[in-house]
Amino acid sequence: MTSLVFYFQVHQPYRLRRYSFFDIGAHENYFDDAENARIVRRVAEKCYLPMNALLLEQVERHQGRFRCAFSVSGTAITQMESYAPEALESFRRLARTGCVEFLGETSHHSLAFLGDGDEFDAQVQDQAARVERVFGLKPTTFRNTELVVSNDVARHAERLGFSAILGEGADHLLGWRSPHRVYRPEGCERLKILLRSYKLSDDIAFRFSNRGWSEWPLTSERFAEWVDGLPAEDSIVGLFMDYETFGEHQWRETGIFDFMAHLPGALLRQGRVRFQTPREVVQAQDAIARLDIPYPVSWADAERDLTAWLGNQMQRAAHDALYGILPQVRQAAQAGRPELLERWRRLSTSDHVYYMCTKWFADGDVHKYFSPYASPHDAFITFMNVLDDLARRAAAAIQSSAPAAPCAEPSASAPSVTPSGAKSAPAAAAGPATSQAAAARRSAP
Amino acid sequence: MLGWEFPPHISGGLGTACYGLTQGLAHCGVEVLFVVPRAHGDEDTRFVKVLGANQVPVRGLQAERQLAGSLDPGVLPEFQWALGEPRRSAARSLALCAAPAEDLGTAPPLSPQDQRLVTLLREIVIDSALLPYQDEACYSERLRRLEAAGLPGARGLLDRAGAGPGSTEEVVQNLASVLRDAPRLEQVAREVERFAESLDQGRTLHFSGSYGADLLDEVARFALAVGEAARRESFDVIHAHDWMTYPAGMVAARVSNKPLVVHMHACEYDRSGEHVNPRIRDLEQLGLDAAERVICVSHYTARMLRTRYHIDRSKLRVVHNAVTHKEQAAVVHAEKTIPEPIVLFLGRVTFQKGPDYFLEAAARVVKLEPHVKFVISGSGDMLPRMIERAARLGLARHVHFTGFLRGSEVERMYALADIYVMPSVSEPFGISPLEAMALDVPVIVSRQSGVSEVLTNALKVDFWDVQEMANKILALLRYPALREQLSSEGRQEVRRLRWDERARAVNLVYKEVLR
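Keeping their order, the protein sequence lines are chains A and B. Using our numbering, read the first sequence as starting at 1 and increasing by one per residue. Using our numbering, read the second sequence as starting at 1001 and increasing by one per residue.
Here chain A stands alone, though its shape is the one from the complex (with noise of 0.2 Å):
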């Protein structure tokens, strides 16, 4: 038998507003709560309602031989409580139906381990204490953002007690070797990664709509065959896709919820497959070989690397700015503003450099991706505005908490986002920092 695992991630970030320069230490509204509120509820409507709807129904028809599992970001959860708590709730009957395992991972959909390892940590036990708590199961299969995993994540995961990471089936990481056998990571003991298959995921991903392909329209007996087809070896199929494949990516002209409602059926029914969730793969099944994954890889683009997120000298400035402010802002949250970190967190979120990423800028495909912003740099601008207050606030409130040292040297404590001054001129900045320190630790409650 081959376990076939299929793993949904859902993920909302906060957007920023516009946020430009003139807004530092004027106000602290980062975040456009009314297009967060109006996206929320229109991918709820779009596509969390009918597809948890379509899996419960699949899962009941099934008796329980329909089985996924999902990861639900920790900024996507709080959304949904504030803008669209009936999308939580049936996420919540999908739990307890007990064929339906949901995943850890970090709160904030960061790229903390890339960062500090601490936040990592506190990230990703932050998370695992939510998904508990909203989905009533403690998560024991961890994934990372993006997929991107390393020896060094795998190793981290297993530290933190997972048994499990998911993975990116890429060539280049694999080699001659299948992505459809449950491996080891180098440095690991007990945690097992379980990788995508991702030919077969983007069938449905990606493929699945494109009139172009040669196996348009796809239909779910067609894709049964080719799972049948498959090596004897081959233990498990990871289906690993976003979650807003099903009505936003491929909308539902396109047949998508059909052919969902039509997959467990037909793979069922040629007895080569059970479906699984990751805890259950790797309960019931042993690495067949290490695997060694010295850099990180992800699930994104061709390259399956970091580019998307760090791959420009705009993601990489604000991605270090971003961890650079980090120290502050949690001395800020001792000092009686636990909401600065909360902010920072998410800031933190991978989304933010997403934005900024240049990459199709060659293709002229610049509206390949959706972006709120008009263009990479404009995101950049806004992110980088936005640190920058939320420094100041950070070094005010550290400020106004020590006692001892009353507002002596203003500016010496208000760090700046980065360093400031064109080609040859040192000079600037200096100035209206002081100013605007001190205008923060005003507006500061």
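Do not take every clue at face value.
Said to hold, decoys possible - Below, computed lysine to any residue pairings styled on SDA-like, alpha-carbon distance capped at 20 Å:
| # | chain 1 | residue 1 | chain 2 | residue 2 |
| --- | --- | --- | --- | --- |
| 1 | A | Lys359 | B | Gly1403 |
| 2 | A | Lys359 | B | Glu1484 |
| 3 | A | Lys359 | B | Ser1488 |
| 4 | A | Lys46 | A | Phe259 |
Stated by the list, open to error - Reference listing, derived: stretches of chain B covered by chain A, where coverage requires no fewer than 3 residues with Cβ under 8 Å from a Cβ of chain A:
| # | region |
| --- | --- |
| 5 | 1286-1298 |
| 6 | 1473-1481 |
| 7 | 1484-1491 |
Keep in mind the hints are simulated off the structure, nothing from the lab. Idealized CB from N, CA, C, for every residue including glycine.
Since the structure of chain A is already known, use the hints to place chain B on it.
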């Protein structure tokens, strides 16, 4: 091709575009007969060193020999002064562009590729006082200047002695008067018809040797001279650039019975906002209506032609401008003499270019970053007002006016700048940001521009949103990663904008009208 010359002129890309497009068409194998107005003996030394016949460099002379067979000055004795002498060869423009004027004497021999271009490009010069972007006042001023300089071809006002029934003078006047007086397509067509018939009857025009008394006289005179030339030359398509050549294009189309394509680089609403010169606007309408296809330099311009001139979408084709890549671009390295970062505005200081929005943004920037210099380079009718306004906004210490910059000064200014801003109110295309990007300067461009349609590595703002403009200037000043990203990627992007590709698109338009 009814086009314009290419001076390395600080304000305006019309000649540059004609030059680049012509080169690109030659690369596509299209033979181009380039017809250009130029005042006889008018060395407009404000902009460029124009070489006299005795100064034509080696490269030009080589090309001349090839052209000798194709243009025989003996054919048209009465017209000789009006049609181009062989020295006015396309190769001369080539040479002018490949190297700065002062280096011409030592220019290397033509490459095989350039040799091929020379065989595909021919230039006819029509003696005329027309210049791009002229209005009536500019034209009168130019006539006065030519006269004051005592130049042989500039005897000033039209020589009325030659007037009389059936004279060239009368034909010119008749066309000029319909052009002047809210021209309708039928009326102009009737005049053109009359002219063509007289040519068919073997009549020859005798120009008096002086320029039109006013701009529209001159436009009519140019049109008829082009018609005369069109009768003697063979070609398949007529391609006219901007309104001053539209009547000439119509005449040539009638005389030759070939299709007319007009190219819109800037329309009257771009130049003047709501306060248009109705005569110029009407002449634009005339050419747009008469043409079988209209090439627009941007979607922005195409929208303008749909809404303001009611031109049907099916006639409009968008072909963006590109950049003329110098073979061996001199590496401009300017030593910074002041420590403050420089934010640059460079262009005509006119309503269209939005210098006032630049100042408003500057005022907002210096409140947060006092150590910044803003530079306005260029001249124009708004310059005095801008100087006063800068003073009123308390920017006297922050804003510097350089006045009009020539040739190498322009590049030096770009190289000194840390940020280039093009805040145009209405910019059909706008080539200057590309020049800045080629020199690694990050740019902010107005969304009301054609160039913003083709650029990805530029920051974009609505010209009226001065707060956002200031925000972006501040972001560039404060975040080095943004500057580096834009300058390194921007340089690459500009390199990809090539005239050869644009010419292919233009060639497709030719094929459409020839079907």
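Q) Tell me, which hint numbers fail for this structure? A) 1, 5
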